[in-house]
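There are 2 protein chains.
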Amino acid sequence: MFEIAELGHKVNKADYNEKIPGLRTHLLTQQQQLRKYDFSVIILISGVDGGGKGDVVNLLNEWLDPRFMLTNAYDSPSDEERERPKFWRFWRTMPAKGSIGIYVGSWYSLPIAQRVHNDTKDAELQHQLTQIKELEQELADDGTLIIKCWLHLKKEQQKKRLKQLKKTPETAWQVTERDKLHLKLYDDFVRVAETVLQETSSTQNPWHIIDGSDIRYSSLTVGQCVLDKIQAHITKHELKHQQPAPTQHSKIIHGNQPRILDSLDLSLELNKKTYSTQLNLYQGKLNKLARQAQQKKISSILVFEGWDAGGKGGAIRRLTHALDARNYQVTPIAAPTDEERVQHYLWRFWRHMPRAGRITIYDRSWYGRVLVERVEGFASEQQWTRAYAEIVNFEQALTEHGIVLLKFWLHIDPDEQLRRFQEREQISYKQHKITEEDYRNREKWAEYSLAVNDMVSRTSSQAALWSLIEANNKRYARIKVIKTYCKALEKALD
Amino acid sequence: MFEIAELGHKVNKADYNEKIPGLRTHLLTQQQQLRKYDFSVIILISGVDGGGKGDVVNLLNEWLDPRFMLTNAYDSPSDEERERPKFWRFWRTMPAKGSIGIYVGSWYSLPIAQRVHNDTKDAELQHQLTQIKELEQELADDGTLIIKCWLHLKKEQQKKRLKQLKKTPETAWQVTERDKLHLKLYDDFVRVAETVLQETSSTQNPWHIIDGSDIRYSSLTVGQCVLDKIQAHITKHELKHQQPAPTQHSKIIHGNQPRILDSLDLSLELNKKTYSTQLNLYQGKLNKLARQAQQKKISSILVFEGWDAGGKGGAIRRLTHALDARNYQVTPIAAPTDEERVQHYLWRFWRHMPRAGRITIYDRSWYGRVLVERVEGFASEQQWTRAYAEIVNFEQALTEHGIVLLKFWLHIDPDEQLRRFQEREQISYKQHKITEEDYRNREKWAEYSLAVNDMVSRTSSQAALWSLIEANNKRYARIKVIKTYCKALEKALD
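The listed protein sequences correspond, in order, to chains A and B. Note that the working numbering has the first sequence beginning at 1175, numbered continuously upward. Note that the working numbering has the second sequence beginning at 1175, numbered continuously upward.
It is worth saying that the hints were derived from the structure and are not from the lab. As the structure is a prediction and not an experimental result, all values here were calculated from the model. A hint or two may mislead.
Same chains, same names: a pair is fine if it fits in one copy or spans any two.
Unchecked claim - Taking lysine-lysine pairs in the DSSO-like style, the calculated list, with each CA pair at most 27 Å apart, reads: (1) Lys1657 with Lys1470; (2) Lys1260 with Lys1471; (3) Lys1604 with Lys1328; (4) Lys1462 with Lys1187; (5) Lys1358 with Lys1341; (6) Lys1341 with Lys1459; (7) Lys1187 with Lys1334; (8) Lys1410 with Lys1307; (9) Lys1665 with Lys1648; (10) Lys1403 with Lys1341; (11) Lys1354 with Lys1471; (12) Lys1193 with Lys1341; (13) Lys1604 with Lys1333; (14) Lys1471 with Lys1618; (15) Lys1271 with Lys1471; (16) Lys1340 with Lys1354; (17) Lys1604 with Lys1648; (18) Lys1657 with Lys1446; (19) Lys1447 with Lys1307.
Bound conformation, chain A alone (with noise of 0.2 Å):
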């Protein structure tokens, strides 16, 4: 598939300076008008060494405005990164809609290198194009423009390079060991990046492979390229928004659908001096297990949902009773900052990512996606029933680093609810918690039930279960959640 990108492809530097002028005024022009935009540009620049990748991204950065872009070079991760999945590093920069993040190295770095070293075998290579494919796929979804460009070099380009490089003492200190190594697994590198390039060209996001034996010829390619990416991109964009808005979703619920929360036992309940005895044992023990599940590095999730007044506050700090204050993070979400408006729903959960062996505790999380979101048409539907992929990829990518994930669905009957509404609104401490929105959603309870269920059925896997918590009474669902989350670090601690 590099042939192509063999032929040495050149541009003289009389055409090159009588197109640059041009390119840059569109580059830049183009550049203004994209801010109005609500989607961002990805551009990756890939390719074999000597393929000239840092000369093109300097070039870029010397034809775009730098206000609104980025450019991100992977280098090894830190500590920081490493205690994180894999991903990471690249959510925590990415760039915000209306603005451009140039990428060099990227998440097909690592994957293709491991595989050229025998480090990694075909299958797991497979795995990780997947996770790849997924995550453009989830970036594109969100109207982010992906373009990816490898540039290429024939072996005996490349050797011809270090040649030349090692001839005068001026530039002979860049030919470095690993250099050396890379000419030597040149042929290796070249196989492997032909799967990984086969692999993951789509049709939405291709890969564009531009011969790199000539600077002036790639940089003008890979310039003109960002320019009809993008343009088509905002063209595309126009249209779509042209169109007449699709159809409301219907609001019907399917009544004879099997509704897995009607049928927890709400009469469940502990009496008070069996809650005592329980809670002393169950937080003890978690004590214990949080400390060494710390030691060992281990890192957890917790996620908290349920219906409005269904305990989650309550059950939260029984649980954080038992874990050092300095170990864990209570996050509790409310609508997004306008840092976090500008970027794919996930990102802000990615933000909050533990280090190595803490605790991440989320009052309300991804899942309102699936929930306020949908049922109030915040979220278009296309946009929620693509979330339940979404949300599954992003969980795995949790599950797979070794993080313990518990979900915990805190579920109430609307009779307890209007109860708990009513006791609140008498104690003072907690007046601030009960407004008239509280009022308002118990009136979609029906739209709410069956997005929980949807939720549930449709995000449960192995590694992330939902854990459904019985709490009408609010004892016995305290000690579940205790309970469920020792179980939990006990098997990883395992």
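Given the structure of chain A, go ahead and fit chain B onto it with the hints provided.
Chain B in isolation, oriented as in the chain A frame:
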């Protein structure tokens, strides 16, 4: 000074249980109230080993609403933290206005530990304490309430505690070699702590020394202290806002002040040919120096300030042309995001601090405080006059860490500016750069001149000198900028 905390204060269980519900309600109500105010609260929990720091922090976490607070524990710094000035790790986790940050371990931990272990001498400790006082003063000036609690324990009590822990196998493992060492160093520790506490107790930010021998007593005392201090701060804040607004600061221009900028020779220029030769020469030189700096992990921060149309963008582009795009970041400073607005004005600059060996280029910077914010009245006179010292301290933190810091002022005269504005209006891809505001700002040339003169004279230090660039001739300016950076790198590499 610790005598009062060695009296063995105790609270019995009945008293404690009676007081807690009221305290909790007050804290929660107050925390709710705090949301409205534009200041943050920092609670430092420090003290001797076994003084119950962990217990107190756990209780505060239980009592307060986790949605509007954050607990930060500072273990040994990560590599990303080690690569930045020492206060960076504290800035990155600063609580937002309206919320509470609890710090376990803080900027005090390392200075105390280093002195106790004789890694530093008294003079160094004094220097560190000065920096701490400056930091706390700056936060306090910004409205931040800092509550500093020191949990004390007598030597015999510390001994007793370790003995008790060792008794049962259940707890014996908790006693580490470090604990034993700390017991041995108890006297030194208390002596150093005494100096530190005395030095850093001010009327505004006093230390609260609390008997840590009884957890019920210490947690109640800390809780009550937090409640009282926040209440007093709110009252003070309200009073300040009820007072008549301070009179507008005088905008009279002191015409007979010596003007640093007036001494610049704006007729300096380079012809095209000399420019072309020198550009090549110095870009080549810079490229080499920058690579060496990268290898030696020397970071740079370059600040570009100047008149509108002074040629910042062009100078930056000529400079970055010589750099590797993977290694620098141009950070344009526009309006703050809402996450930045709820922080100290220097916070957004701390967050872009480069990692070791990298370069951050600011297109406009923290100097906005004493330029546009001063002239346009966005900052109060109190705020911008205070900013000179804050900026000097901030820059000292950078240069002490070994960062190469350069500050460029690109100077042109009003006629040249007008010429450039008109020119910009003619060039399609530059039109977006010119707005009505630019013309409005021109009318305030005299006021801005005064502000620039004050800025240069009050924020120039040996380590952070202003480079004044005669910029009526773009060619001359660009070469001088690159030459200046080359010289600075040569000095740093020496």
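Here is what the structure says about each hint:
For the homomeric pair lysine 1657 and lysine 1470, the shortest alpha-carbon distance inside one copy (20 Å) is at most 27 Å, but the shortest distance between copies (52 Å) is not. Taking the shortest alpha-carbon separations for lysine 1260 and lysine 1471, both the intra-copy value of 16 Å and the inter-copy value of 25 Å come in at or below 27 Å. Proximity of lysine 1604 and lysine 1328 under a CA criterion of 27 Å is satisfied in neither setting, with 70 Å inside one chain copy and 40 Å between copies. When the C-alpha separation of lysine 1462 and lysine 1187 is checked against a cutoff of 27 Å, the pair qualifies only between copies, where the shortest distance is 25 Å, while the shortest distance within a copy is 70 Å.
Taking the shortest Cα distances, lysine 1358 and lysine 1341 sit within 27 Å of each other inside one copy (20 Å), while across copies they are farther apart (63 Å). In this homomeric assembly, lysine 1341 and lysine 1459 come within 27 Å of each other (Cα to Cα) only across copies, at 20 Å, whereas the closest approach inside a single copy is 68 Å. Taking CA atoms no more than 27 Å apart as the test, lysine 1187 paired with lysine 1334 passes inside one copy only; the shortest distance there is 22 Å, against 82 Å between copies. In this assembly of identical chains, lysine 1410 and lysine 1307 lie within 27 Å of each other by CA distance solely inside one copy; the values are 22 Å within and 57 Å between copies.
When the C-alpha separation of lysine 1665 and lysine 1648 is checked against a cutoff of 27 Å, the pair qualifies only within one copy, where the shortest distance is 26 Å, while the shortest distance between copies is 67 Å. For the identical chains of this complex, lysine 1403 and lysine 1341 are neighbours neither inside a copy (40 Å) nor across copies (71 Å), given an alpha-carbon limit of 27 Å. With identical chains, the CA atoms of lysine 1354 and lysine 1471 are at most 27 Å apart between copies only, with a shortest distance of 25 Å across copies and 38 Å within one. With identical chains, the CA atoms of lysine 1193 and lysine 1341 are never at most 27 Å apart, being 33 Å at best within one copy and 82 Å at best between copies.
Taking the closest pair of Cα atoms, lysine 1604 and lysine 1333 never come within 27 Å of each other, the shortest separation being 73 Å inside a single copy and 43 Å across copies. Proximity of lysine 1471 and lysine 1618 under a CA criterion of 27 Å is satisfied in neither setting, with 42 Å inside one chain copy and 58 Å between copies. Taking CA atoms no more than 27 Å apart as the test, lysine 1271 paired with lysine 1471 passes in neither setting, with 35 Å inside one copy and 32 Å between copies. Taking CA atoms no more than 27 Å apart as the test, lysine 1340 paired with lysine 1354 passes inside one copy only; the shortest distance there is 11 Å, against 58 Å between copies.
With identical chains, the CA atoms of lysine 1604 and lysine 1648 are at most 27 Å apart within one copy only, with a shortest distance of 16 Å there and 64 Å across copies. Taking the shortest alpha-carbon separations for lysine 1657 and lysine 1446, only the intra-copy value of 17 Å comes in at or below 27 Å, while the best inter-copy value is 77 Å. Neither within a single protomer nor between protomers do lysine 1447 and lysine 1307 lie at most 27 Å apart by alpha-carbon distance, with minima of 54 Å and 52 Å respectively.
Checked against the numbered hints above, the structure violates hints 3, 10, 12, 13, 14, 15, 19; every other hint is satisfied.
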